[in-house]
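For reference, each letter of the sequence shown is one residue, going 1 to 213 in this note's numbering.
Hints listed in this document are in silico derivations from the structure and should not be mistaken for laboratory results.
Using N, Cα and C, we set each Cβ at its ideal position, and we do this for glycine too.
There is no bait here: all hints are sound.
Pairwise CB distance ranges (calculated):
1) Ser-127 - Asp-75: 19 to 25 Å
2) Asp-143 - Asn-6: 38 to 44 Å
3) Asn-6 - Asp-75: 56 to 62 Å
4) Gly-104 - Lys-48: 32 to 38 Å
5) Glu-110 - Met-161: 27 to 33 Å
6) Glu-69 - Ser-155: 30 to 36 Å
Listed below are the simulated DSS-like cross-link pairs for lysine-lysine, each with C-alpha atoms no more than 30 Å apart in a straight line:
7) Lys-126 - Lys-147
8) Lys-147 - Lys-48
9) Lys-147 - Lys-195
10) Lys-147 - Lys-122
11) Lys-147 - Lys-198
12) Lys-45 - Lys-198
13) Lys-138 - Lys-195
14) Lys-122 - Lys-198
15) Lys-48 - Lys-138
16) Lys-43 - Lys-147
17) Lys-45 - Lys-122
18) Lys-43 - Lys-122
19) Lys-195 - Lys-122
20) Lys-195 - Lys-45
21) Lys-43 - Lys-138
22) Lys-126 - Lys-195
23) Lys-198 - Lys-138
24) Lys-126 - Lys-198
25) Lys-48 - Lys-195
26) Lys-138 - Lys-126
27) Lys-138 - Lys-122
28) Lys-45 - Lys-138
29) Lys-195 - Lys-43
30) Lys-147 - Lys-45
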Amino acid sequence: MTQQDNDIGAAIVRNIDLLESAMSYASETMDRLIGQEIGDILKRKRDKFGWNGDAVETVEDNFWLSSPEWISEGDPDGNYDLFVEMDMTGEAVTWLAYFAGAAGLGVHLEPSSNTLSRGPLKRVLKSNPELMAEFASKGFHWDPEGKLTLPLEFSREALAMAFEEEDFSEALAPLEEALDLVFEARALFDRLAAKIRKDDKRKSPRAAGGRKG
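Input sequences plus hints: build the corresponding full structure.
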């Protein structure tokens, strides 16, 4: 261990009561408040767009949004060939850490599917570079390795003020703007849904992750 490690360890021990209290409050009260606020945003946008979707209220829930046009044809289970979900970059104990951008953590929106697992979906994305370039021109981030995302950047100070003033409208504005951008880019997503349907002939269940029913 380095001297810095030793100093950090000593500081943790000396402040363990405060640290435990802060972590408990962040993981319970603050995460719950964030979940409620982003859930309200999704519901408003879902109703405004005339789309389908469900919102997170706990870390274990899913946040997803989809056009009715992307429902799998003839699927009695109501699966979607394409939907957009919120996901996190990195690993943290609390949601707060992701939204505050701690240590490289972050939040983004990305397309997903109930009918294609991650591997085949990645293949579809990689095999359509022109479509990916069009997404990039709209503000999406395209990783040629096969990941299409819409990164969300939140102000840590605005988030702190949101808890102080009990008003999250400014702090979570990037999420509202991102959902508007998804809706504005729906023609591109329509084309992506068509390509997913063309690739998926077997309509097999999605292997990993995905929306909750």
